[in-house]
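Colleague: Protein sequences, first through last, are from chains A and B.
As numbered in our numbering, residues 133 to 243 make up the first sequence, in order.
As numbered in our numbering, residues 40 to 151 make up the second sequence, in order.
There's no promise every hint is true.
[What the hints assert, rightly or not] Some but not every residue of chain A turned toward chain B, in silico, with C-beta under 8 Å:
id, residue
1, Ala163
2, Leu175
3, Tyr180
4, Pro193
5, Glu195
6, Phe197
7, Ser198
8, Met201
9, Gly237
Hints in this document: simulated from the structure, not taken from any laboratory.
The structure presented is a predicted model; accordingly, all values stated were derived computationally and were not measured.
C-beta atoms are modelled at their ideal positions from N, C-alpha and C, and glycine is treated no differently.
Spelled out from the first residue to the last, the chains are:
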Amino acid sequence: NAGVIQTPRHKVTGKGQEATLWCEPISGHSAVFWYRQTIVQGLEFLTYFRNQAPIDDSGMPKERFSAQMPNQSHSTLKIQSTQPQDSAVYLCASSLGNTLYFGEGSRLIVV
Amino acid sequence: QQKVQQSPESLIVPEGGMASLNCTSSDRNVDYFWWYRQHSGKSPKMLMSIFSNGEKEEGRFTVHLNKASLHTSLHIRDSQPSDSALYLCAALTSGGNYKPTFGKGTSLVVHP
């Protein structure tokens with residue numbers, strides 16, 4: 133079991149560019165979560181899917197962030213018109229029961 | 040929206056000492072708490088979970104829960120340098136979406 137796989141591990145993008153982050157959950161897990169982690173804000177919930185259906189996106193900045201889960205094996209988080217304040221580690225997690233299993237994260241730096 | 044407060048923000052203990060970390064939820068409907076450990080540059084890994092009042096022990100780690108005060112604590116005895124990490128508390132409330140809320144964490148340093 134490879135665990136939750138996230139790509140890319142690091143991404144540097146210019147202000148105003150688009151960034152897409154990918155997540156492959158653990159096979160058989162029904163829920164996929166996206167969190168953002170910064171020193172100042174800690175671990176912030178963004179959105180989650182259950183059985184591929186979007187359940188709660190209350191943490192997503194509405195205008196520029198979007199997430200999809202087109203099939204059981206991957207989810208994407210897209211950030212349009214990136215801003216320096218989007219710089220963070222984006223963590224994807226999957227779960228079957230109550231425990232979240234996190235990927236190693238995608239570190240996004242917007243310059 | 041539920042908030043999860045952790046204290047202290049940082050903690051330094053000597054090797055072999057006891058580390059005590061605290062976590063409180065703002066939501067009376069909290070059902071479940073987890074403690075995750077995140078080593079520097081790594082992802083959070085679940086350490087322990089608790090949903091019943093009382094105490095749960097696993098090796099050197101003990102978790103307490105007092106649902107009336109919405110408070111959980113994690114105690115690490117015989118602390119080791121390898122325990123140095125960010126400890127995150129997460130809480131889940133009943134009746135809503137399954138959406139764990141995390142605190143900002145306690146940074147623990149165990150010095151030899």
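Colleague: Is the hint on Glu195/A kept, meaning its closest Cβ partner in chain B is under 8 Å away?
Modeller: Interface hint status for Glu195/A: violated (20 Å vs cutoff 8 Å).
Colleague: Could you check if Ser198/A really has its C-beta closer than 8 Å to a C-beta on chain B?
Modeller: Violated, about 18 Å.
Colleague: Please check whether Tyr180/A passes as an interface residue: C-beta within 8 Å of a C-beta belonging to chain B.
Modeller: Holds. Min distance 6 Å.
Colleague: Using Cβ atoms only, decide whether Leu175/A comes closer than 8 Å to chain B, and label the hint accordingly.
Modeller: holds (4 Å)
Colleague: Given Gly237/A as an interface hint, is its Cβ closer than 8 Å to any Cβ of chain B?
Modeller: holds (6 Å)
Colleague: Can the hint on Phe197/A be confirmed by a CB-to-CB distance to chain B that is less than 8 Å?
Modeller: violated (16 Å)
Colleague: So, as I understand it, the hint says Pro193/A touches chain B; can you test that by seeing if any CB pair is closer than 8 Å?
Modeller: Check failed: Cβ of Pro193/A comes no nearer than 16 Å to chain B, outside 8 Å.
Colleague: The hint names Ala163/A as touching chain B; please verify it with the least Cβ-Cβ distance against 8 Å.
Modeller: holds (7 Å)
Colleague: Using Cβ atoms only, decide whether Met201/A comes closer than 8 Å to chain B, and label the hint accordingly.
Modeller: Violated, because the Cβ-Cβ distance from Met201/A to chain B comes to roughly 16 Å (cut-off 8 Å).
In terms of the numbered hints stated before, the structure departs from hints 4, 5, 6, 7 and 8, listed from lowest to highest.
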